[in-house]
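Undergrad: Protein sequences, first through last, are from chains A and B.
Per our numbering, residue 23 is the first one in the first sequence, and the count goes up by one each step.
Per our numbering, residue 23 is the first one in the second sequence, and the count goes up by one each step.
Simulated from the structure, these hints should not be mistaken for laboratory data.
Each hint should be verified, as a subset may be incorrect.
It does not matter which identical chain is meant; a pair holds if it fits inside one copy or across any two.
[Unchecked claim] Quick list of in silico lysine-lysine cross-link-like pairs, BS3-like style, CA-CA up to 30 angstroms: (1) Lys270 <-> Lys215; (2) Lys56 <-> Lys270; (3) Lys215 <-> Lys169; (4) Lys169 <-> Lys128; (5) Lys297 <-> Lys128; (6) Lys55 <-> Lys215; (7) Lys270 <-> Lys24; (8) Lys297 <-> Lys260; (9) Lys24 <-> Lys297.
Every value quoted in this text rests on a predicted model; they were computed, and no experiment measured them.
Number of protein chains: 2
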Amino acid sequence: MKIAWIGTGIMGAPMAGHLMEAGHDLVVYNRSKKKAQNLVDRGASWAESPAVAVDGAEVVFTMLGYPHDVEAVYLGDDGIVNVAAPGTILVDMTTSSPSLAARIEKAASARGVRTLDAPVSGGDTGARNATLAIMCGGDRALFEELKPLLDTLGTNVRLMGGAGRGQATKMANQIAIASTMMGVVESLIYAEKSGLDPGAVIEAIGSGAAASWSLNNLGTRIVTGDMEPGFMVMHYLKDLGIALEEAKAMGLALPGLALAEQFYRSASGTGWDRKGTQVLYEVIRRLNGM
Amino acid sequence: MKIAWIGTGIMGAPMAGHLMEAGHDLVVYNRSKKKAQNLVDRGASWAESPAVAVDGAEVVFTMLGYPHDVEAVYLGDDGIVNVAAPGTILVDMTTSSPSLAARIEKAASARGVRTLDAPVSGGDTGARNATLAIMCGGDRALFEELKPLLDTLGTNVRLMGGAGRGQATKMANQIAIASTMMGVVESLIYAEKSGLDPGAVIEAIGSGAAASWSLNNLGTRIVTGDMEPGFMVMHYLKDLGIALEEAKAMGLALPGLALAEQFYRSASGTGWDRKGTQVLYEVIRRLNGM
């Protein structure tokens, strides 16, 4: 199959690689060409722009940064929605705004171009090992058609509803994590302040009702003082901003999310944009003069 | 061994039963005798008061309600700290205040009475199946002496530090759950408001970074509209109150905990004291006029 891949960063590059390994014919584009070089060395064609990449492709995948990047690539001058041939399939795997995904679908379908929003969860490890969860929004027939390709990239590939519902599911994921992280870091700080060994506390409570992926993975990193990113504060803060904006548009108050977002903003303001999300621990410690 | 068990409610009764089954000689007391009847029918002796129960016992277990119950039974007129013979071991398994546990230990050791705080996690199921996590605070030699008895009641029995450190660990457990529950219910409400099927969302996100015991167990109950108690709001609210009080005494601000406590207080004020903690979902839905 002739596939275009736009956005070959830490997530996109290994994902595009899996499609090449599966025998597909790949054209790649990335803002910085350097990050696509490895794929080009392995046989992918290089395109000088998204519009060039899309030309002649049956399916186009995008894995970009912020919603404004998605908007520019899809709907801007020379946007791929406008230059793609009717019948082309556009799959946005960026974590982006549900309402933007719906807007893109509307503009695309007016031109006979089909779209699927398909954000992922599982991080760079999931991208490398093709074990991502992929949450899709769009037409069922299109989803079924794309499922074999998506199964090349992940292990938990689901259609959640129409256009934007993949993005909305990813937001539900990020919302659950936000307050869970508050609970994890407050629990460990309380433990520390109480004179307990936080590592021993994780062992004592980490398999019962307090158990969470965040406690057992990021909590363990916190205990060893490891603030290196599995997922960076700046990227998480982007997602929390989208979630709050969408909630606002729906007239929905989510006080736990709003509170967590403020403390992640504090992490960013402190200069911790490139630390892992577990740096929330340091934010709440500082809040308490620790 | 001659053992006294004070407090034979939904947790205490099956726990005392395990000790009887292990061959120990049991004396029981409970405020309402009815709840001890089954144990008496199975061979336990009935005592008319805590002081009578303690008379001649080598080890005394208590599983009570509120910290003021613990204070009354241990330190009140005829309190067991004052009537127990020197050398008696007192084990409080109530979830209670860390600082009260330390006060009890101090008063007891002045009389040559030994104490261990040993709150549990795992609920009535864990109590019945003897799979509780038991978090202990006290002297190491005493802990080692009691470990075989505690292993009769649970599967994850740990010494966390000196007097009160078992209770502090249980508080860390409840603090982690508080904000995790906020994340779970806000995630599911966002999903619902977005037109997603919340059950499908749990399947999509419940095994990745958003995973938690709360999401996969209580979230699933929420989706089916089941608000019956695994753990009651009124009991959880007691624990959150203790945690906030202890944090205040340490000069520790825990904004996520404080926020969650307010919404659980709202659940209580709405008349949902005897609902399960997952009723937080209904609190946040109401907050949004849903």
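Undergrad: Hint by hint, note whether the structure agrees.
TA: A quick look at each hint next to the structure:
no.: 1; hint: Lys270 <-> Lys215; verdict: between (37 angstroms within a copy, 12 angstroms between copies)
no.: 2; hint: Lys56 <-> Lys270; verdict: neither (39 angstroms within a copy, 53 angstroms between copies)
no.: 3; hint: Lys215 <-> Lys169; verdict: between (50 angstroms within a copy, 27 angstroms between copies)
no.: 4; hint: Lys169 <-> Lys128; verdict: within (22 angstroms within a copy, 66 angstroms between copies)
no.: 5; hint: Lys297 <-> Lys128; verdict: neither (37 angstroms within a copy, 44 angstroms between copies)
no.: 6; hint: Lys55 <-> Lys215; verdict: neither (49 angstroms within a copy, 41 angstroms between copies)
no.: 7; hint: Lys270 <-> Lys24; verdict: neither (40 angstroms within a copy, 63 angstroms between copies)
no.: 8; hint: Lys297 <-> Lys260; verdict: within (14 angstroms within a copy, 36 angstroms between copies)
no.: 9; hint: Lys24 <-> Lys297; verdict: neither (38 angstroms within a copy, 56 angstroms between copies)
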